[in-house]
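Engineer: What follows is the residue order along each chain.
Protein chains: 2
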Amino acid sequence: MSEHKEQYECIQRLRHAPAVSDSGWELFIHRTERKQVKRGAYLVNAGERVSYAYFCITGLFRLFYTLEDGKEFIKSFSLSNEFVTSYGAMISGEPSYFSIQALEDSAVIEIPYAVLQELSDRSHEWERFVRKSVEQLYLKKEERERELLFLSAAERLEAFRKKYPDLELRIPQYQIASYLGISPVSLSRIINQKRN
Amino acid sequence: MSEHKEQYECIQRLRHAPAVSDSGWELFIHRTERKQVKRGAYLVNAGERVSYAYFCITGLFRLFYTLEDGKEFIKSFSLSNEFVTSYGAMISGEPSYFSIQALEDSAVIEIPYAVLQELSDRSHEWERFVRKSVEQLYLKKEERERELLFLSAAERLEAFRKKYPDLELRIPQYQIASYLGISPVSLSRIINQKRN
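Chains as they are written, first to last, in the numbering used here: chain A, -19 to 176; chain B, -19 to 176.
No lab work stands behind these hints: they were computed from the structure. The reader is advised that the hints may include incorrect statements.
Any copy will do: because identical chains look the same in the list, a pair fits if it lies in one copy or spans two.
[What the hints assert, rightly or not] Calculated pairs, DMTMM-like style, for lysine to aspartate or glutamate (alpha carbon to alpha carbon, straight line, at most 25 Å):
| hint | residue 1 | residue 2 |
| --- | --- | --- |
| 1 | 174 | 49 |
| 2 | 174 | 135 |
| 3 | 143 | 105 |
| 4 | 120 | 85 |
| 5 | 142 | 48 |
| 6 | 112 | 62 |
| 7 | 143 | 74 |
| 8 | 18 | -14 |
| 9 | 143 | 48 |
| 10 | 174 | 48 |
| 11 | 142 | 62 |
| 12 | 142 | 74 |
Bound-form chain A, shown alone (with noise of 0.2 Å):
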């Protein structure tokens, strides 16, 4: 495991995690894996039961609803140096509502749910370094929360914008809408308006 040890670097750095001893992490590379996923490919799939967390180290996920209508409502990406995980199904035994697919060749951390455990058991530090991710992918709910509440569409671009500053360039245009809980065509109505 000792080659991939910078690859956790990134977790190891995060700015809301509370020290870990070396030996902590010692035992979470240990106990955990890197891995490549293809672009398209799914790390969790709706309707099926979740053991994992991950942590992206590079790459990009969508994480997505498919409505009834079939469409698809993307509820967040996730970029390097974050979480992209079905917190709420990993932690409750309930399938996943929603799927995480891959829209970058991507490499992850894969965190089985039982390590997690095991280490918050074990140690206060790691307990607390789970209590502080989970906050964090809560207060990230909740900006998602206001931002459909408040915002305008083209508010929501522009938060889009300022919040993922080169995801524009780096994702399809309907992909943006679905985020954007828009249609296609609004969203090139409103890129267009702001341009002129």
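Given chain A's structure and the hints, the job is docking chain B onto it.
Structural biologist: For chain B alone, kept in the frame of chain A given last:
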């Protein structure tokens, strides 16, 4: 404080709560306060910073956003034996985007954020208690997100009735409409259709 010790049984008996030692609970009881909250009073005002988490012993609260056009959107209700808190604002130090108001005369445990942090710093068991509590908040948010995305207004009413069996009798209909994201007129129509 000891005369109020039985008031804390509700939080000690939380289904998801991990074991916390007696001395841990003594400290918690010593550092927190039981408060009465009159119907109509606010625990949190949108735009203000939040220094406390609350646990509802008895009563009923609504957590709501006031939108740009002055309309209100109820993001959730909190009943007895639940946390009632603007958690994101509290941990981020940012002003709360939503308000929390008592819909009935209620009683809460008021928990200073500094106490939660201190307990978590000192003890693994409290760190775990906080982690599990955040997870419950997260699960509640994910469920609500799904309901708003997947369910029709009539189905959301069904889900509301299932989740809150007696609430329809306790609050005015326009507040149910504000929770379902529809107008009071639409709600009346749906209720009448269901009756016929």
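Engineer: Which numbered hints are broken by the structure, listed smallest first?
Structural biologist: 3
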